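Enquirer: Residues per chain, in single letters:
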Amino acid sequence: AQSVTQPDIHITVSEGASLELRCNYSYGATPYLFWYVQSPGQGLQLLLKYFSGDTLVQGIKGFEAEFKRSQSSFNLRKPSVHWSDAAEYFCAVRNPGGYQKVTFGTGTKLQVIP
Amino acid sequence: EAGVAQSPRYKIIEKRQSVAFWCNPISGHATLYWYQQILGQGPKLLIQFQNNGVVDDSQLPKDRFSAERLKGVDSTLKIQPAKLEDSAVYLCASSFSRANTEAFFGQGTRLTVV
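In order, the protein sequence lines correspond to chains A and B. In terms of our numbering, the first sequence is residues 1 to 114. In terms of our numbering, the second sequence is residues 1001 to 1114.
Hint data in this document are derived by calculation from the structure and do not stem from the laboratory. Predicted model, so just to flag it, every value in this text is computed and none were measured. C-beta: ideal position from N, C-alpha, C; glycine also. Hints are supplied without guarantee of correctness; some may be wrong.
Unchecked claim - Reference listing, derived: stretches of chain A covered by chain B, where coverage requires no fewer than 3 residues with Cβ under 8 Å from a Cβ of chain B:
| no. | segment |
| --- | --- |
| 1 | 37-44 |
| 2 | 104-110 |
Stated by the list, open to error - If you want the footprint, here are the derived chain B segments under chain A, 3+ residues with CB under 8 Å:
| no. | segment |
| --- | --- |
| 3 | 1012-1020 |
| 4 | 1101-1109 |
Excised from the complex, chain A in its bound form (with noise of 0.2 Å):
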């Protein structure tokens, strides 16, 4: 069965600073992954994803991910953290094909100190 790990459940940055969240995955070939973030009281949004090809990704808000295949990862960057940025972050993994379900990590929360 498919699972995410993430490892880091809480996260602190300084404004400006940069910033990865980690996150693995386990599943026997190249699943699509995807990040999404959710702000207080509201639902989950979809920072980017990846089903091929390229394997750094750029999403919205300044995030990118990366793909690699050979530590089963798909970590998510940002260069400069805003305060804006302070939310909780869910990767997340799909098979591909057909009508498989998404399965989400247990999330890492972001807090953004000035």
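Keeping the supplied structure of chain A fixed, place chain B upon it in accordance with the hints.
Expert: Using the frame of chain A, we list chain B on its own:
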């Protein structure tokens, strides 16, 4: 384009009572998902519909939870009777039925069982 609509936004009920949530997906989206998100955890898929048929309900507690998607458009999720551990945010999402697409989420319904 209108997003995924959910109602109500908040609901407080006593244990053993029943409750229903409503979801209207994005127009044209054949796939509809219901997720349960317990505080501090990632969303967990409860049930997935393709048009009005169930594709995956393996994690739905069928002794108390039920869902339907009549006419393949909007959907309702019901809990009867509710337990304290059902307190969570219930998220509805929808997507096109093609494989390489992402799910779009509603704002969710926060259920508190007291």
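Enquirer: Taking the hints in turn, state whether each one holds.
Expert: These are the hints, each one checked on the structure:
1. 37-44: With 4 residues close enough to chain B, the hint holds.
2. 104-110: Three-residue rule met by the segment 104-110 of chain A, so holds; n is 4.
3. 1012-1020: Not satisfied, violated; 0 residues make the cut.
4. 1101-1109: Our answer is that it holds, as 7 residues pass the Cβ test (under 8 Å) against chain A, meeting three.
Hint check: a violation occurs at hint 3 only; the rest are consistent with the structure.
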